[in-house]
Each structure stands twice: as C-alpha cells, then as structure tokens.
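Peer 1: The chain contents come next:
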Amino acid sequence: MIDLKLYIFSILLGVGFLTIIIYLVRNEHLSLRYALLWLATSLIFLLVACFPPVARGIAYAMGIKAPSNALFLLGIIFILSLLLMLTVGFSRLSERHRELTQRYALLEKEIEILMEKKDRGSI
Amino acid sequence: MSKRILIIIPAYNEQENIASVIDNLKKEAPSDDVLVINDGSSDHTLAILKERHIPHINLPYNMGIGTTVQTGYKYAASKGYEIAVQVDGDGQHDASYIKSLVEPILAGEAQVVIGSRYINKSGFQSSFFRRMGIRYLSWLIGLTTGQSFTDPTSGFRAVNKEVIALFAQRYPPDYPEPEALVMLARKGFITKEIPVEMKERALGKSSINPMSAIYYMIKVTLAIIIDKMRG
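From first to last, the protein sequence lines are chains L and A.
Those letters in the first sequence? Residues 1 to 123, per our numbering, in order.
Those letters in the second sequence? Residues 1001 to 1231, per our numbering, in order.
These are computed hints drawn from the structure, not numbers from a lab.
Any given hint could turn out to be false.
Derived pair list, reagent style EDC-like, types lysine to aspartate or glutamate, alpha-carbon separation capped at 20 Å [to be verified]: (1) A:K1050 / L:E116; (2) A:K1199 / A:D1088; (3) A:K1079 / L:E116; (4) L:K117 / A:D1088; (5) A:K1161 / A:E1103; (6) A:K1050 / L:E108; (7) L:K109 / A:E1051; (8) A:K1079 / L:E108; (9) A:K1121 / A:E1109; (10) A:K1027 / A:E1016; (11) A:K1228 / A:D1174.
A few chain A residues that face chain L, going by a derived Cβ cut-off under 10 Å, partial list only [unchecked claim]: (12) I1037; (13) I1057; (14) K1074; (15) S1078; (16) G1080; (17) T1145.
Bear in mind the structure is a predicted one, so any value in this text is a computation, not a measurement.
C-beta atoms are modelled at their ideal positions from N, C-alpha and C, and glycine is treated no differently.
This is chain L alone, in the form it adopts within the complex (with noise of 0.2 Å):
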C-alpha cells in the first residue's frame, strides 16, 4: 500500500496545480485555448494521485515494474513533446513577425512616397 504521506502530499498538490491553473485562466494570463491541455494535465495528476492503482496499472501495461518510474518517464516525454510543440509554435511566430515587420517598414515608405507626391501637388 501506498505511504499515507506521499498519498496525501501527491493530492495537495494536483489540487494546488489546477487551483493554480484556473486562477491564471480566470485572471486571463493564460488563454482558455492553451489552458485546456494544462486542465487536461492537472485532472490526469489528481485522478492518479487519488487512485493510486491507476498508476500501478500504467507501470505494468508499460512493463516497468516501480510505478513511480513509470510515472518520471510518461512525465519527461510528455514535457518533451510540450517543448516541441512549443518551439515550433514559436518559429511559427518569429516567422510571422518577420513578415509583418516587413509589412509595416514597406507600408511606411509607400507612405512616405505618397505624402511627398501630395506635397508637390502630383495628386
């Protein structure tokens, strides 16, 4: 059986993560469309802190035999592909940026062009 103390410590801190989570959400500095996977995330954490079994279940599905390392490797590749997705998110922007920058400089000159035609009266 799993120790009383890590039971209740691993259900502090799911709840402690989802109050987190809905807190930023409501207070909108973190926006509903990214915050559905970090819901998805807390809920996950407390369903497997709440049943300890669950997790038993996965390390053996796995073939790992401790569920507590079963648990540190679903973790560290669900952070990786978190991370992935992140950078690629973020090229996605740099790359929009780029173009928009450009966007504005252009626009700024042909601005400029047209004021200096309004001046000497071309148009």
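Starting from the structure of chain L, add chain A where the hints point.
Peer 2: Then chain A, alone, in the frame of chain L:
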C-alpha cells in the same frame, strides 16, 4: 541605359560609414536608385538618412541581416526593378565595381553575380581564420551543389528580376549569403563570380565577433545540408 537598377544597402549602426557609402554610390553609379534599409539601428544612422534625404526604409527594431536585405528585395519586386545590387553599409564594397557586377546580367550571361575578393586575391583579404572558414564553406557548397564559389560569404551581389522575385518570397533570415547561393543553385539559377577588391571596414565594429564564428559555421553548415535535403 534603360534598365532600372536598385542598390540595396543594409545598415545596422553605421553612423560613421553610411554617408560616405552613399556619396561613393552617387559618384560611381549616379543613374541607379539607392535604398538603405535601416535595421533598427540604435545609433544615429536613421537621423543621418533623414537629414541627408537618402531614400530609406526603416525597420522598427533589429531584425538581422537576412530580414533587412529581404525587405529591400521586396521593395525592388513591388517597384518592378530589373536588377538589384546588394552593397554593405560599412564601406567594404567599392562602388566602382557595380558596373562590372551588373554587366553579366545585362549581357544575359548570368542571373546572379557575386563580387569575390579571392579571384585576384587583391585588396583586403580578411583574417586567416575568416579565410579558412570561407574556404571550408566553398568546399561544402561545392560538395552539395557541384558549383564552385571562391567567396560564398560575399554580400556584394547583383541579381536579375527573377531572382528578385524569388528573394522577395524566400530569403534565409540569418547568415543568409552562403545559404542563398545553395538555394539559387538548387533552383537552377546561373551564377557567376567576378573579381573585386574589398576594403577593411572603415569605422565602427563588424557584426560578426570571433565568439560567434563557431556558431556561424555550425548554423550555416546545417542550413546548407538541410537545403540539400529539400532536393
């Protein structure tokens, strides 16, 4: 000559050099249009451009050489220029060579012309380590494209209308010079190198410091290999 030529000059913190670069261009290539792209300089580059009524585009913050130069190509494409010439804003490139850069394009011999300081090996030859790096890049580009370039990092170039259109669409954001050559080779453009003499940059400091040289080599190598994988 009826061909419309735009001279694109990327400038980042070039307050000491930009005015004389423009004066030289006006003297050596009076019939060509010039366009300075100010890459969010934190010094007085923009003030000098405005004060002297030098045609320019101002990027609101520092975006790097590739994005800066590409802005020039986008402008050239939208205004229908026939030829674009890229000249550094630091005074390294001698404006008197513009004529010979443009000539092979006008004659229909090439679509891209690169000014190389290593054909005649005269003028400023850069430091030993820089030369070694350039030789390595030449070798790598030769290996991947089958074309030989003596000076693949040279930013002194002229391109025709089709290449302007390509660059307006697609241009590498950082350390673009060698990577752009590989892209051009892949798309089947005809490139030619002509001998030029370069000067040591007049004043101010170069954007590449020794610390970033290794990063530069690794990144460019990767970019070239990845471009090759695009097939």
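Peer 1: Does each hint hold? Answer for all of them.
Peer 2: Against the structure, the hints come out as follows:
{"no.": "1", "hint": "A:K1050 / L:E116", "in the structure": "holds, 14 Å"}
{"no.": "2", "hint": "A:K1199 / A:D1088", "in the structure": "holds, 11 Å"}
{"no.": "3", "hint": "A:K1079 / L:E116", "in the structure": "holds, 17 Å"}
{"no.": "4", "hint": "L:K117 / A:D1088", "in the structure": "violated, 30 Å"}
{"no.": "5", "hint": "A:K1161 / A:E1103", "in the structure": "holds, 14 Å"}
{"no.": "6", "hint": "A:K1050 / L:E108", "in the structure": "holds, 14 Å"}
{"no.": "7", "hint": "L:K109 / A:E1051", "in the structure": "holds, 16 Å"}
{"no.": "8", "hint": "A:K1079 / L:E108", "in the structure": "holds, 15 Å"}
{"no.": "9", "hint": "A:K1121 / A:E1109", "in the structure": "violated, 24 Å"}
{"no.": "10", "hint": "A:K1027 / A:E1016", "in the structure": "holds, 19 Å"}
{"no.": "11", "hint": "A:K1228 / A:D1174", "in the structure": "holds, 18 Å"}
{"no.": "12", "hint": "I1037", "in the structure": "holds, 8 Å"}
{"no.": "13", "hint": "I1057", "in the structure": "holds, 5 Å"}
{"no.": "14", "hint": "K1074", "in the structure": "holds, 6 Å"}
{"no.": "15", "hint": "S1078", "in the structure": "holds, 7 Å"}
{"no.": "16", "hint": "G1080", "in the structure": "violated, 14 Å"}
{"no.": "17", "hint": "T1145", "in the structure": "violated, 25 Å"}
The earlier numbered hints that this structure contradicts are 4, 9, 16, 17.
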